[in-house]
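There are 2 protein chains.
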Amino acid sequence: MARVVVDVMLKPEILDPQGRAVAGSLRRLGLTGVTDVRQGKQFIIDLDGVVEGARLELIETLAAELLSNPVIEDYKLQVIEDPA
Amino acid sequence: MARVVVDVMLKPEILDPQGRAVAGSLRRLGLTGVTDVRQGKQFIIDLDGVVEGARLELIETLAAELLSNPVIEDYKLQVIEDPA
Chain A
0 MARVVVDVML KPEILDPQGR AVAGSLRRLG LTGVTDVRQG KQFIIDLDGV VEGARLELIE
60 TLAAELLSNP VIEDYKLQVI EDPA
Chain B
0 MARVVVDVML KPEILDPQGR AVAGSLRRLG LTGVTDVRQG KQFIIDLDGV VEGARLELIE
60 TLAAELLSNP VIEDYKLQVI EDPA
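If you read the protein sequences in the order shown, they are chains A and B. Using numbering that gives the first Met the number 0, read the first sequence as starting at 0 and increasing by one per residue. Using numbering that gives the first Met the number 0, read the second sequence as starting at 0 and increasing by one per residue.
Worth double-checking, as some hints may not be accurate.
Given that identical chains are not distinguished, each listed pair holds provided it fits within a single copy or across any two copies.
Each computed DMTMM-like pair below joins lysine to aspartate or glutamate, with the alpha-carbon atoms no more than 20 Å apart [to be verified]:
| no. | residue 1 | residue 2 |
| --- | --- | --- |
| 1 | K10 | D45 |
| 2 | K10 | E51 |
| 3 | K10 | E56 |
| 4 | K40 | D81 |
| 5 | K40 | E51 |
| 6 | K75 | E12 |
| 7 | K10 | E80 |
| 8 | K40 | E72 |
| 9 | K10 | E59 |
These are calculated hints, taken from the structure and not from any lab test. Just so you know, these numbers come straight off a predicted model, no measurement behind them.
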């Protein structure tokens, strides 16, 4: 069994109004020194078997084209074999 | 400078229709062995100074009550001092 965690985040040059709203709320609720907040998505995918070779390549492609929008988002993929 | 990463995920006992839809798409696009997909949110908060003591406690409270909905969501908080 394996777990793949895909974090999807707006590219740094793309404005993030949700993140900006969260930053404003954090400041209003007393948190000082907030310089930036970005809000993204996280997908946790549980799979049978091992993730390597062609299967890992397919997951990379799906993360880049299905789970994220390559025009405005970056993704980060992490494979955890045998998650607790 | 410090970075706080807050991952917010639906509690395991709460149905996740978005995750289920993603699981269906992954399977249709040829990924075998998918047993479960959960979709959550990720907040990346950049802050001046260090995160410890009362400030860390405030961030924990805000993560539990502003960034997540404690009725249906769990959160995971990670502090990264001096992110690259």
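Hint check:
no., hint, in the structure
1, K10 <-> D45, "between (26 Å within a copy, 16 Å between copies)"
2, K10 <-> E51, "neither (27 Å within a copy, 29 Å between copies)"
3, K10 <-> E56, "neither (22 Å within a copy, 30 Å between copies)"
4, K40 <-> D81, "neither (23 Å within a copy, 23 Å between copies)"
5, K40 <-> E51, "neither (24 Å within a copy, 26 Å between copies)"
6, K75 <-> E12, "within (17 Å within a copy, 27 Å between copies)"
7, K10 <-> E80, "neither (28 Å within a copy, 22 Å between copies)"
8, K40 <-> E72, "both (10 Å within a copy, 14 Å between copies)"
9, K10 <-> E59, "within (18 Å within a copy, 27 Å between copies)"
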